[in-house]
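Colleague: Residue numbers (numbering that gives the first Met the number 0), protein chains in the order written: chain A, 0 to 81; chain B, 0 to 81.
Please keep in mind that the hints were generated in silico from the structure rather than gathered at the bench.
Hints are supplied without guarantee of correctness; some may be wrong.
The list cannot tell twin chains apart, which means a pair is met if one copy fits it or any two copies do.
What the hints assert, rightly or not - Lysine-lysine pairs mimicking DSS-like chemistry, simulated, CA-CA at most 30 Å apart:
1) LYS23 to LYS64
2) LYS23 to LYS45
3) LYS73 to LYS10
In this text, all values refer to a predicted model and were calculated from it rather than measured experimentally.
Protein chains: 2
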Amino acid sequence: MILARIHVTLKASVLDPQGTAVTKSLHALGYDEVTDVRIGKFLEVKVDTTDRAVAEERITEMCEKLLSNTVIEKYEFQLVEA
Amino acid sequence: MILARIHVTLKASVLDPQGTAVTKSLHALGYDEVTDVRIGKFLEVKVDTTDRAVAEERITEMCEKLLSNTVIEKYEFQLVEA
Numbered sequence: 000m001i002l003a004r005i006h007v008t009l010k011a012s013v014l015d016p017q018g019t020a021v022t023k024s025l026h027a028l029g030y031d032e033v034t035d036v037r038i039g040k041f042l043e044v045k046v047d048t049t050d051r052a053v054a055e056e057r058i059t060e061m062c063e064k065l066l067s068n069t070v071i072e073k074y075e076f077q078l079v080e081a
Numbered sequence: 000m001i002l003a004r005i006h007v008t009l010k011a012s013v014l015d016p017q018g019t020a021v022t023k024s025l026h027a028l029g030y031d032e033v034t035d036v037r038i039g040k041f042l043e044v045k046v047d048t049t050d051r052a053v054a055e056e057r058i059t060e061m062c063e064k065l066l067s068n069t070v071i072e073k074y075e076f077q078l079v080e081a
């Protein structure tokens, strides 16, 4: 078993209104030291294979096809034994 | 500046319907090797301080008060220089 730990985040050039809302909420709670919040997704995908090279290729495909919107998001992942 | 990289994930005992939906979609696309998907949040919070101990304490507070629902979610974070 291999576990892919995938981070899907908005590209730097894309506005993050959810992050802006959280920043404002943190300021309202008194956390004035917060200067920026960006919010993304964290996916843990478990695959039944032991071949890391194949897993890497397949996970990349999944990210491109389903797990991220590559117009506005980028993704990166690490593979760990599970 | 310190950047907190925060992972907020559902506790292991909590069902993840969004993850189940993604698993099914991946199977429909032919990725039958996928056995489980769990979906969480990934937050990057930038704070204007250089004191790591203070940052750690404040970020923990933010996670407890606003960034996670500790009834069903757990959080962990790393601090990096930004």
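Colleague: Now, for every hint given, state plainly whether the structure supports it.
Modeller: Hints and how they fare:
Taking the closest pair of Cα atoms, LYS23 and LYS64 come within 30 Å of each other only across two copies (14 Å); inside a single copy the shortest separation is 34 Å, beyond that limit. Taking the closest pair of Cα atoms, LYS23 and LYS45 come within 30 Å of each other only across two copies (13 Å); inside a single copy the shortest separation is 36 Å, beyond that limit. Taking the shortest Cα distances, LYS73 and LYS10 sit within 30 Å of each other both inside one copy (6 Å) and across copies (26 Å).
Going down the numbered hints, you'll see the structure goes against none, and every one checks out.
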